[in-house]
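As a plain string of letters, each chain reads:
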Amino acid sequence: MTLERARKLAEALDSRTDRELTELRLDPPHKVLSQIRAYLLRRSEEMKTRNNLIQLLSIHRAGEFAQIDLGPSIDKGATPQHFHFDSGARLSFGLTLREVGRGSQVVSFRYHYTFPDGRPTQFLRFDLNDGPHADPLAEPRSHLHPGIDAMRLPFSVHNPIEILDRIFFVLERTTLGSR
Amino acid sequence: MPEFSTQPLFDIARRLEIRGETGWLAVLAPVTDSTTNLDRLQTELQSILQKPARVIELEPSTFEELREALHQPDDDAVILSSGTGLTQEKWRSLDIMRSALERKGPVILWLATGDVANLTEHAPYIRSFIGASIFLAGPDGGIMTEAERQERLNELSQHFGFTGDEAVRKAQARELPHEPELVEWLVLLGRGDLL
Amino acid sequence: MPAVFRYCALNCFATFEKRTYTTHMPSSVTAPEGQLSRREKFRAYMQAFNPTAPAVDLIQAGLVIEDLHQSLYRNLAGRADLEPGSQQLLVGGVGSGKTTELLLAMRSLESQGHILPLHIDVSKATDLSGLNTGSLVASLGLKIAAYFGNGVGAYSQDTELKAELGEPFEKLWIYAYGKIERVWVPSDDDSPDFDDSDYEEGHFRIRKIPGKLRPPLPSLDREIQDIREPLEQFLAAAKRRGKEVAVIFDGLDRLLDPTKFWSVAHQDLRLLRQLKVSALATAPLSVLFAAEVGQSIAGEFDRVQHLAVITAGPDNACLRSVLEKRHCSELLNREEVDTICHYSGGVLRDLISLARDAGEEAYVSEHDTITAADVEKVIRQLGNGYLRGLGPPVINALLELDQSKSFNVRLPHNIELLLTRRVLEYSSTDFRVHPALLSVIPRPEPKRA
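Protein chains in written order, with numbering that gives the first Met the number 0: chain A, 0 to 178; chain B, 0 to 194; chain C, 0 to 448.
Only chain A is shown next, with the shape it has when bound in the complex (with noise of 0.2 angstroms):
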């Protein structure tokens, strides 16, 4: 294995994720919004930690694209527009949507999960870009940043409601266990 044949390997992951992503339809922005607070909202009633949500997510539409987000769009510590976690961790994300037909297309994401104080780890973020990279080896397309921001993962292509799966039932479950 040379390094020229993982960058061809990691160019081919990375025309696998544009053809997944173009397969992907959600639905309108507004019914994503729709979907993604009524997630929400199922989990806080599972919660201890309030979160109030209809002040938290918003939606900003500009033509055919639509932003939603929750949160600063950079986090640089915790806010009260963050979804804060029993476990003391912290989510902020941005979705950014194009509507396609009669229901519309993912082409960013990004979703930061901030553990609670004192983690060895302090963050992980699922990023999808909107585009590959000159370099898919170090940048792939669709990445998780494990703690370290110069650092990117390859992370399958997920509907934007299945990254709320991993973290609430994996991350904050785990991080919550091991308080």
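Derived from the structure by calculation, the hints contain no laboratory data.
If you're wondering where the values come from, they're calculated on a predicted model, not measured in any experiment.
The beta-carbon is built from N, C-alpha and C at its ideal position, and this holds for glycine as well.
Any given hint might turn out to be false.
Claimed, not checked - Here are some chain A residues the structure puts well away from chain B; computed CB gaps all over 12 angstroms:
hint: 1; residue: Leu-12
hint: 2; residue: Arg-18
hint: 3; residue: Phe-64
hint: 4; residue: His-83
hint: 5; residue: Phe-114
hint: 6; residue: Gly-117
hint: 7; residue: Pro-119
hint: 8; residue: Gln-121
hint: 9; residue: Asp-126
hint: 10; residue: Pro-145
hint: 11; residue: Asp-164
hint: 12; residue: Phe-167
hint: 13; residue: Ser-177
What the hints assert, rightly or not - DSSO-like, lysine-lysine: derived pairs with alpha carbons at most 30 angstroms apart:
hint: 14; chain 1: C; residue 1: Lys-123; chain 2: B; residue 2: Lys-89
hint: 15; chain 1: C; residue 1: Lys-207; chain 2: C; residue 2: Lys-161
hint: 16; chain 1: A; residue 1: Lys-30; chain 2: B; residue 2: Lys-103
hint: 17; chain 1: B; residue 1: Lys-169; chain 2: A; residue 2: Lys-75
We have chain A; now place chains B and C onto it with these hints.
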């Protein structure tokens, strides 16, 4: 004119959900954009209740048509729309057949503003089922305000160290990286065309 | 199977089955503190306070106070049992608990062993506003038939049943649902070459004869005696099995106009009396209070029982017991219970509704229990619902009633106020404005001196 509580459609769906996805309530349609709001209500019901939500026009449905429609299936959410308003006779007729309209799933009356009086006056049995659950359809929330948008733009500009105009120029020159924060920046600037 | 059977809705029997769909009526929601999440607590509370829950489910779940109306149901059942052919009316306003009382009476009759009580909500199966003479007995006939054989198929496939009751069943069916006939319609032909001794021209035409339980197509005057014979045969069959049939007609109170009520019920009930079938039926308040018409109708019955609005009493004991039976203390404190009891006016459905709506308000407002603000909000909502559509003259009349306690119940517009629950009847002489409405009625500005 007595005012009813204004509720976001999202909260109206929540109310039905905590009831155990059953029961009746009435929503007064806004004067403008009634069709859009009806569609939004349907969306919220589907998202929150996790079951299909249908709209049935009360006029010109007959007794048989309504009874069949409400029971096939009988456990999804049904929005009964009174359109621009029903006649007194139609309300009386609906009231008489209330038992035939009873079902497992929730029933939401989507009413023109003037129909509340008709409901109380000519359909006391249906009104009795609704009780205090009469709400004005309010704004659904979630729309990013201009202040919030500006706050995000400032935040992004401070983080990346250049202005929005420079971000646009870089995007035009294909020099802007593909990171999601930068994608968001362009969308918030109204320049999704550069993606 | 005769073609006539294929014409009719095959789910007609299903409409007479007992409706019950609430599968999680809690018998207890008490749990050690902290063990139920907020959501679970509210969910359990809401299920116990469902104002639209079928009465049969509530009775089965033990959430009904059976002696709320001094065990009236026992009196109703007793008379129906001891006086075959007796006819009793249960009259009450919307949400007063009529169906619950009738179902308790039914249960009491069932426990006698020799009575076959049949509860029929006619409004569920057919368009009550289009009903005409014969509809009630048609419904009863089908209900009795369902007791003997479940479904149309039973009467054609079960040899014994067919032999015993097949013919009366077919007559009953046609009476109820009508039939399709193919009739030959000859055509005239004056051609000189035509030899009409050998061949008759014409065509078959489908003719629909409507039944009593179909929407009027046009309306057809049918002799109610047409159903007497098949009904008698079914009643005799029931007797052979040791059962006396008693019928409970629910839903007739929806016919707010007493004239309409009587046009539907009169002939049918007369036939049932002749057949010695005891009948209990609901009727609108207008039967009690409408002058002349109401009185003449009431005079036709052996008993007219008024299910009045429940008086709150000095410590709301009666109404409070209704809430406590459903474990209201999980979320409601004593003070809020009293407030809800007062502003319900004693209307049972409003009582349950207010308790439910207050819980719902607390939940969406992110409260952990129901607060005074939650209760106040839903009372205002209920009052506003009653207030909508009332013009100044009516509002003034209501304020006058509140002040003077004077109410001429014979006036048509006052009966409307009773039917729409803006005014509540605590007895035949005690009328009051619904407290929730009273709390939001705009008061006139005091005149400046």
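Task: Beyond 12 angstroms from every chain B Cβ - status for A/Gly-117 - done: holds, 26 angstroms
Task: Assertion that A/Pro-119 lies outside the chain B interface [Cβ separation over 12 angstroms] - done: Given a closest Cβ separation of 25 angstroms, the condition holds.
Open item on the list: For A/Arg-18, is the shortest CB-to-CB distance to chain B above 12 angstroms, so the non-interface label stands?
Closed with: Its Cβ never comes within 12 angstroms of chain B, the nearest being 17 angstroms, so this holds.
Open item on the list: Is the claim that A/Phe-64 lies outside the interface with chain B correct, judged by CB distances over 12 angstroms?
Closed with: violated, 4 angstroms
Task: Non-interface label on A/Asp-164, tested against every C-beta of chain B at 12 angstroms - done: Non-interface label on A/Asp-164 holds, nearest chain B Cβ at 15 angstroms vs cutoff 12 angstroms.
Task: 30 angstroms Cα cutoff - pair C/Lys-207, C/Lys-161 - done: OK: C/Lys-207 and C/Lys-161 at ~25 angstroms, within 30 angstroms.
Open item on the list: Beyond 12 angstroms on every Cβ pair: is that true for A/Gln-121 relative to chain B?
Closed with: holds, 17 angstroms
- [ ] Would you assess whether A/Phe-114, listed as outside the interface, keeps its beta-carbon beyond 12 angstroms of every beta-carbon in chain B?
- [x] holds, 20 angstroms
Open item on the list: Hinted pair, alpha-carbon criterion (30 angstroms max): B/Lys-169, A/Lys-75. Please report holds or violated.
Closed with: It holds: about 25 angstroms lies between the C-alpha atoms, which stays within 30 angstroms.
TODO: Given the hint that A/Lys-30 pairs with B/Lys-103, test it: the Cα-Cα distance must not exceed 30 angstroms.
DONE: holds, 25 angstroms
- [ ] Taking the shortest Cβ-to-Cβ distance between A/Asp-126 and chain B, state whether it exceeds 12 angstroms.
- [x] violated, 5 angstroms
Task: Consistency of the no-contact label for A/Ser-177, given chain B and a CB cut of 12 angstroms - done: With a cut-off of 12 angstroms, A/Ser-177 remains clear of chain B, as the shortest Cβ separation is near 29 angstroms.
Taken one by one, the earlier hints fail for this structure at numbers 3 and 9, listed in ascending order.
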